[in-house]
Structure formats: structure tokens, C-alpha cells
Amino acid sequence: MECETTENRRKPNLLLMGAAVLFVALAVVFCLLLQSRASGAGAFRIRFGDGQTITVRADETRVIVIRDGKPAEEPTGEGEENVIRIENGTAWMEHATCKNRECVKQGRLNADTVGTRPLGPWIICAPHGVSIEYIGDGS
Amino acid sequence: MKVRTLTKMALLSAAALILGYIDSLIPLVPGVPGIKLGLSNLALLYAVFFLSPFYTVLLMLIKVGMSSLLFGNAVGALYSLAGGVLSVAIMLLLRRNRAISVIPVSTFGGIFHILGQIAVGAVLLGVRPMLAYAPWLLISGLATGILLGVCARGVFYGLERYERSKRA
Ligand SMILES: [Zn+2]
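Chains as they are written, first to last, in my numbering: chain G, 1 to 139; chain R, 1 to 168.
Quick caveat, the hints were computed from the structure, so don't treat them as lab data.
Positions of the beta carbon are idealized from the N, C-alpha and C atoms, including for glycine.
One or more hints might be untrue.
Claimed, not checked - Chain G side only, calculated, beta carbon under 10 Å to chain R, not exhaustive:
1. Ala-20
2. Ala-27
3. Cys-31
4. Thr-55
5. Val-56
6. Ile-124
7. Val-130
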């Protein structure tokens, strides 16, 4: 491998690094502009792995069990399972069988935390295709 | 030469697996899943610069296969396969121009790895959550790509000096 760093060799590298930084900056701005912001005490939209969604009012108390992409009755700890709890206006992933349980670590989602959480109004379980979104109103 | 390549492939696969495991133990941004240093890409970077494209692609497939067998599910494999294919493709493409050094190759590898994962996420979870998720992933892909490139440059210099001292 050649490791000379003459001017001619440096130029394409600097250009590429500039392009990389510019691309990421533009993509981030694009995402931020398109993001929807939740407002007011409202509801949670829950997306199951198979793509269907349900909306739950934030003032309800509910436990939602999802197994292999579909709603289930009781948690068994088997298969691709997520247990979502909604209580006192707060939703969180109580339990999950995914690899690193990243969704469980994403903490609590409510009107107070939505502005300060890294993922904003979302709790995402990427490997199971399950998400919880805080939305403005339940309509 | 054949045995030498085989040995290198075995060593690189093992290194990728161990680095990947260490990686999974280090959470970079609490509350944001999937943000990793991408340490195992060091092995892939080595392959891009010192082995043929064929062996580079093979190593990527071995890495994806082994890590999903050992630590994940099928969907997890899909995320890492999409990331692996895109990052190896861009790294090999850039490497065709010999003037391009390891830091930009690693940086673009990092960004394209993330783009592959965002694409799979958009299909599995929808585009809207990805709008919240993608900025974190892209910035981390850029940062870890640069960091890994700097590390790789150090390692490559060291290896080169070692090879030269053996020949002398
Ligand atoms: Zn999960």
C-alpha cells in the first residue's frame, strides 16, 4: 500500500471527507424538518410487527402483549415478544425478548419526557418491528 | 499463497467476531439503540486494502452470518446484511482509486452501513420513526467511520513496517 501524502494524493481525500460531512449534515436537517412533533396530553399509537396499529388513550391503564408480530393474551417469554405497559399517561416497554432489549432501555414516554428523549416521541424495537409513538390526540 | 489467504481469512473472521462482541457491550448513546463503534469493520477495512474484493465480500458474509447465528435473530441478520453489503460496495468502489486513503474509505463505509440499516428500518417500521432515528445513526456512522479510519491507518502503518522489517 502506498502511503505518500503529496498534494495530489491529499486532494481527493479532503474532497471526499467534505462530501461525507456535507451529506450527513443535509440528511440530518432533512430528517429534522420532516419530523412531526407531538403536542398536548393525548394518546399512544402502537405498531405491531405485522404492520397493524392501535391507538390507546394516554389516560388508560393497559398492558399490551405482542408476540411474533400479533396481539397476544398473556406474556410467555417465548418467541418475538414485547410487553408494553401504559399507565398514568406514560408508556414503556416493560419486557421484550429481542437481542439486547434496547427497546426496554429506551425508558418512559409521556408528555414530559417527549421533548428530552433522544428518540423524541418514539420507543422502537427494531428487530421485532414494534413501535410506540406518542401522538397529540387519539383521533 | 492459498493457505496464507485462508489463514488470514480465518484470523480476520475471528477478529471480526470478537470485536463485534466487544462492540455490543459498549452503549455509546443511552436510549438510542443500534449505535455502535463498529469495531469489527476494522477487519473489513483490512480486507478492502490488503485482500481481493472477492475475499472482502466473503469476509462480510461470514461476519454477518456468524454474528447473527451467535447473537441475533433473522431480522437482526437482515439489518447487518443490508449495512454490510452497502458499506463493502462503497468501500471497494472508492478503493479502485488508489489515491484514496483509508480514512475516507472507512468514513463512507460507516455512513453506507447506516444507510443500509435505515432502509431496512424504514421497510420494517415505517419511514416516520426513522426520521427521529436516522440523525443519531448518521452522525454516529460519520464519527465512528472517521475514528475507525484513524485507527486503521495506525494499524496499517504498523503492519507495513513489520512486513518491511521481515523482508530486510
Ligand atoms: Zn426490543
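Consistency of the hints with the structure:
| no. | hint | verdict |
| --- | --- | --- |
| 1 | Ala-20 | 5 Å, holds |
| 2 | Ala-27 | 5 Å, holds |
| 3 | Cys-31 | 5 Å, holds |
| 4 | Thr-55 | 15 Å, violated |
| 5 | Val-56 | 17 Å, violated |
| 6 | Ile-124 | 5 Å, holds |
| 7 | Val-130 | 8 Å, holds |
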